[in-house]
Amino acid sequence: MFFQKEFRLKPRARGFHLITNEILEQIPEIQQVQIGLLNVFIKHTSASLSINENADPTVRKDFEAHFNQMIPEDQDYYLHLDEGSDDLPAHIKSSLLGSSLNIPVTNGRLNMGIWQGIYLGEHRNQGGARTIILTLQS
Amino acid sequence: MFFQKEFRLKPRARGFHLITNEILEQIPEIQQVQIGLLNVFIKHTSASLSINENADPTVRKDFEAHFNQMIPEDQDYYLHLDEGSDDLPAHIKSSLLGSSLNIPVTNGRLNMGIWQGIYLGEHRNQGGARTIILTLQS
Amino acid sequence: MFFQKEFRLKPRARGFHLITNEILEQIPEIQQVQIGLLNVFIKHTSASLSINENADPTVRKDFEAHFNQMIPEDQDYYLHLDEGSDDLPAHIKSSLLGSSLNIPVTNGRLNMGIWQGIYLGEHRNQGGARTIILTLQS
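Protein chains in written order, with the working numbering: chain P, 1 to 138; chain Z, 1 to 138; chain W, 1 to 138.
Simulated from the structure, these hints should not be mistaken for laboratory data. Heads up, some of the hints might be wrong.
What the hints assert, rightly or not - Pairwise CB distance ranges, derived in the manner of DEER restraints:
hint, chain 1, residue 1, chain 2, residue 2, range
1, Z, Pro-57, W, Gln-69, 29 to 35 Å
2, W, Thr-106, Z, Glu-25, 40 to 46 Å
3, P, Asn-107, W, Pro-28, 19 to 25 Å
4, Z, Lys-5, P, Thr-58, 42 to 48 Å
5, W, Glu-73, P, Asp-74, 24 to 30 Å
6, P, Asn-107, Z, Ser-138, 39 to 45 Å
7, W, Glu-22, P, Gln-31, 30 to 36 Å
8, P, Glu-83, W, Gln-69, 26 to 32 Å
Said to hold, decoys possible - From the structure, some residues in chain Z lie toward chain P, with a derived Cβ separation under 7 Å:
hint, residue
9, Val-59
10, Pro-104
11, Asn-107
Just so it is clear, CB atoms sit at the ideal spot from N, CA and C, and this is done for glycine as well.
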């Protein structure tokens, strides 16, 4: 059985953001699923989805600091410059972190660890409202 | 319902390549699927699959330049040297970018964003024809 | 058809470890599957799952060396320090490499390349026994 829903996240500032609750609000159908999988897919090339620590906000700040260090703006070897200094690094961050997640569903809930949450990586300065597709299988 | 197909991509030079069309040609069965998921899996440890910008070829060039900077050849701490300077960095790039994609299917099409395409990361100098498995669920 | 199983891996030292056999021992049900997919999910934010070279142990050593170089401990811009120098880098490595894998199943076997194996990235100094969820679809 497949259930699919497309929706837009609230716009967010550049950085990493916990979006677990905003996703769960969109898909109460999970509560009916005994065993399944949820695919979360982001339809953009300058934002990302990943899973990480859901408690301490400094983890998200450190992610933003470190990814900016590891993939700096304005490297002299970059050719793709037309859309601003934040654009090409945003593409690289998106491919490194990934565009989709596949999370087990068990007894009506996402079966993640207690410290796991879903991160939106907003890698543009002005990314706007990002579109997500949820595909629930059971 | 599962449909699965294994095939080989055309050989490509080291770098990042857009392979969306080459994949879609292999799986016209997608056109019959209302709601589903496509898993794309690469059976190699020195090439990768990711999703990124499908319009400007300089993005792919910048990816190659930046990944070579971030995972350089011939670091003095590398031990795995027997298969050439390009081999160990290729393995690291493959794990960073990933070996598979899971893409929603909606109304007979891959439901990606309009700027999204599927990238082959060919991380060896002479990688040859890479083998892909497509698994379509509906 | 869904089959799901949660279990704990043996505890391992910090570094990269081949866990393909330990996973397969947990899921003999794969042998009954003609076409399917196996999702492997790790319920932790400081360990990772990826696919890479299964033959030469120096590849795993080089991964550990390079990831420690690319995501160093004790950067002056890190704020999340309470759980030790290895903690924040472990979170970043986990998101870069990923928390889950999706592997095709064909004729009763994981349909990976002959050189592919499943890596546990244990990114903490004392990570303990990590919990895995296997979800098999057919």
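Cβ separation of W/Glu-22 and P/Gln-31, checked against the hinted range 30 to 36 Å: holds (33 Å)
Is 19 to 25 Å a correct range for the gap between the Cβ atoms of P/Asn-107 and W/Pro-28? Holds - the Cβ-Cβ distance for P/Asn-107 and W/Pro-28, about 24 Å, lies within 19 to 25 Å.
Beta-carbon spacing of W/Thr-106 to Z/Glu-25 - inside the hinted bounds 40 to 46 Å or not: violated (21 Å)
Holds or violated: is the Cβ of Z/Asn-107 closer than 7 Å to a Cβ in chain P? violated (10 Å)
Would the hint on Z/Val-59 be counted as holding, given a Cβ-Cβ threshold of 7 Å to chain P? Z/Val-59 check passes; min Cβ-Cβ to chain P is 5 Å, inside 7 Å.
Does the interface hint hold: is Z/Pro-104 within less than 7 Å of chain P, judged Cβ to Cβ? holds (5 Å)
In this structure, is the beta-carbon distance linking Z/Lys-5 and P/Thr-58 contained in 42 to 48 Å? Once the Cβ atoms are compared, 46 Å apart, the range 42 to 48 Å for P/Thr-58 and Z/Lys-5 holds.
Could you tell me whether the CB distance from Z/Pro-57 to W/Gln-69 stays inside 29 to 35 Å? holds (30 Å)
Satisfaction of the hinted span 39 to 45 Å by the C-beta atoms belonging to P/Asn-107 and Z/Ser-138: violated (25 Å)
26 to 32 Å as the expected CB spacing between W/Gln-69 and P/Glu-83, which holds or is violated: holds (31 Å)
Range hint compliance [Cβ, W/Glu-73 to P/Asp-74, 24 to 30 Å]: The hinted range 24 to 30 Å holds for W/Glu-73 and P/Asp-74, with Cβ atoms some 27 Å apart.
Hint compliance for this structure: hints 2, 6 and 11 are broken, all remaining hints hold.
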